[in-house]
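Could you build all of it, start to finish, from the sequences and the hints given here?
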Amino acid sequence: MKIAFFSAKPYDKTFFEEHNKDFGFQLEFWETHLGPHVVNAVDQGTEVVCVFVNDKLTAEVIGTLAEKGVKIIALRCAGFNNVDLDAAKRFGIRVCRVPAYSPEAVAEHAVAMLLTLNRKTHKAYNRVREQNFSLNGLMGFNLHGKTVGVIGTGKIGKAFCKIM
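Numbered per this note's numbering, the sequence shown spans residues 3 to 166.
These aren't lab readings, by the way, just hints derived from the structure by calculation.
Warning: the hint list may mix true and false statements.
Okay, derived cross-link-like pairs now, SDA-like style, lysine to any residue, Cα gap no bigger than 20 angstroms in a straight line [claimed, not checked]: (1) LYS122 to GLN133; (2) LYS4 to THR34; (3) LYS58 to THR34; (4) LYS157 to LYS91; (5) LYS4 to PHE25; (6) LYS70 to ALA107; (7) LYS157 to ALA102; (8) LYS11 to ARG121; (9) LYS58 to CYS98; (10) LYS73 to GLY94; (11) LYS91 to VAL108; (12) LYS122 to LYS91; (13) LYS11 to VAL55; (14) LYS58 to PHE31; (15) LYS15 to THR34; (16) LYS23 to PRO38; (17) LYS11 to GLU33; (18) LYS157 to ALA107; (19) LYS73 to PHE93; (20) LYS15 to VAL50; (21) LYS91 to GLU62; (22) LYS11 to PHE27; (23) LYS73 to PRO38; (24) LYS73 to GLU62; (25) LYS15 to LEU77.
Here are the in silico distance ranges between beta carbons for each label pair [stated by the list, open to error]: (26) THR60 to VAL150: 32 to 42 angstroms; (27) GLY81 to LEU119: 40 to 50 angstroms; (28) GLY147 to GLY81: 44 to 54 angstroms; (29) THR149 to GLU19: 15 to 25 angstroms; (30) LEU137 to ASP24: 48 to 58 angstroms; (31) LEU137 to ALA76: 20 to 30 angstroms; (32) CYS98 to MET141: 17 to 27 angstroms; (33) ARG96 to ASP24: 17 to 27 angstroms; (34) ALA68 to LYS11: 46 to 56 angstroms; (35) ALA114 to ASN56: 21 to 31 angstroms; (36) GLY147 to GLU110: 14 to 24 angstroms; (37) THR60 to GLY147: 36 to 46 angstroms.
All C-beta atoms, glycine included, are put in the ideal place defined by N, C-alpha and C.
Set out below in structure tokens:
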């Protein structure tokens, strides 16, 4: 079975090649995004394309994939708003995605970003790299005792609230 990966980063290649050792699938990695400008380069007989969030799977792209023999579109993400699901169904292509993610990891990242903005550590980091140790403009404020508003209390919002 041949699988074409789009928007592939070096860590994707390392991960999938390592896990493919027991299966022997033929893997092809493209750094470029999949879209109308690239879809014709997919080899005839490729059965699976594995895509990410910035790949554009329009009806036109999906039609071309079907002509080339693609049977499955596998997303390396939870969202699927970049895939024309009606077109995939029309062309008989199955679409699968990441079924779950770690809301705690996303919430922790959000907290890290909040602290980065609050304490201006991104600016301090850049200054230190330039041998500039001035504190001018880097003073943040304490979060302790403050009220934090959270818009949305799905899994991520709830995890964020627990951390805060």
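Hint-by-hint comparison with the structure:
For the hint linking LYS122 to GLN133, the alpha-carbon distance of about 17 angstroms falls within 20 angstroms, and the restraint holds. At roughly 18 angstroms between alpha-carbon atoms, LYS4 and THR34 fall within 20 angstroms of each other, so this suggested pair holds. Simply put, LYS58 and THR34 have alpha-carbon atoms about 11 angstroms apart, close enough for the 20 angstroms limit, and the pair holds. The suggested pairing of LYS157 with LYS91 is violated, with an alpha-carbon distance near 30 angstroms, which exceeds 20 angstroms.
The hinted pair formed by LYS4 and PHE25 meets the criterion: a straight-line CA distance of about 11 angstroms does not exceed 20 angstroms. Distance check on the hinted pair: LYS70 and ALA107 sit about 38 angstroms apart at the alpha-carbon level, beyond 20 angstroms; violated. Note on LYS157 and ALA102: the hinted pairing holds, with a Cα-Cα distance of about 11 angstroms set against a maximum of 20 angstroms. Only pairs whose Cα atoms come within 20 angstroms are accepted, and LYS11 paired with ARG121 is rejected, the gap being roughly 31 angstroms.
With a C-alpha separation of about 15 angstroms, the suggested pair LYS58 and CYS98 falls inside the 20 angstroms cut-off, and the hint holds. Between LYS73 and GLY94 the CA atoms are separated by roughly 7 angstroms; this keeps the pair inside 20 angstroms, and the hint holds. About 31 angstroms separates the Cα atoms of LYS91 and VAL108, which puts this hinted pair outside 20 angstroms; it is violated. Distance restraint check for LYS122 and LYS91: the Cα-Cα separation of roughly 48 angstroms exceeds the 20 angstroms cut-off, and the hinted pair is therefore not satisfied.
Distance restraint check for LYS11 and VAL55: the Cα-Cα separation of roughly 13 angstroms lies within the 20 angstroms cut-off, and the hinted pair is therefore satisfied. A C-alpha spacing of about 17 angstroms is found between LYS58 and PHE31, which places the hinted pair at or below 20 angstroms, so the restraint holds. For a cut-off of 20 angstroms, the pair hint linking LYS15 to THR34 stands: about 13 angstroms separates their Cα positions. Restraint check for LYS23 and PRO38: not satisfied, since their Cα atoms lie roughly 32 angstroms apart, outside the 20 angstroms limit.
Distance check on the hinted pair: LYS11 and GLU33 sit about 6 angstroms apart at the alpha-carbon level, within 20 angstroms; holds. In summary, the hint linking LYS157 to ALA107 is supported, as the alpha carbons are separated by about 11 angstroms, within the 20 angstroms threshold. For a cut-off of 20 angstroms, the pair hint linking LYS73 to PHE93 stands: about 9 angstroms separates their Cα positions. Restraint check: the Cα-Cα separation between LYS15 and VAL50 comes to about 16 angstroms, which is no more than 20 angstroms; the hinted pair holds.
For the hint linking LYS91 to GLU62, the alpha-carbon distance of about 13 angstroms falls within 20 angstroms, and the restraint holds. Annotation: proposed proximity of LYS11 to PHE27 holds, straight-line Cα distance about 19 angstroms (limit 20 angstroms). Between the alpha carbons of LYS73 and PRO38 the distance comes to roughly 18 angstroms, so the proposed pair stays at or under 20 angstroms and holds. With a C-alpha separation of about 15 angstroms, the suggested pair LYS73 and GLU62 falls inside the 20 angstroms cut-off, and the hint holds.
Distance hint between LYS15 and LEU77 is fulfilled; the C-alpha atoms sit about 15 angstroms from each other, no more than 20 angstroms. For the pair THR60 and VAL150, the beta carbons lie near 40 angstroms from each other, so the given range of 32 to 42 angstroms is met. As the Cβ distance of GLY81 to LEU119 is approximately 25 angstroms, the hint placing it in 40 to 50 angstroms is violated. As the Cβ distance of GLY147 to GLY81 is approximately 36 angstroms, the hint placing it in 44 to 54 angstroms is violated.
A beta carbon spacing of about 48 angstroms between THR149 and GLU19 contradicts the range 15 to 25 angstroms that was offered as a hint. The given range of 48 to 58 angstroms is respected by LEU137 and ASP24, whose C-beta atoms sit roughly 54 angstroms from each other. The hinted range of 20 to 30 angstroms is not satisfied by LEU137 and ALA76, whose Cβ atoms lie roughly 49 angstroms apart. Between CYS98 and MET141 the Cβ separation comes to about 49 angstroms, which falls outside the hinted range of 17 to 27 angstroms.
Checking the proposed 17 to 27 angstroms range against ARG96 and ASP24 shows it holds: the Cβ atoms sit about 23 angstroms from each other. Between ALA68 and LYS11 the beta carbon distance is about 27 angstroms. The supplied range of 46 to 56 angstroms is therefore violated. Here the CB-CB span from ALA114 to ASN56 is close to 23 angstroms, well matched to the stated 21 to 31 angstroms. Separated by about 22 angstroms at the C-beta atoms, GLY147 and GLU110 satisfy the suggested range of 14 to 24 angstroms.
For the pair THR60 and GLY147, the supplied restraint of 36 to 46 angstroms is violated, since their beta-carbon distance comes to about 50 angstroms.
The structure fails to meet hints 4, 6, 8, 11, 12, 16, 27, 28, 29, 31, 32, 34 and 37 from the earlier list, while all remaining hints are met.
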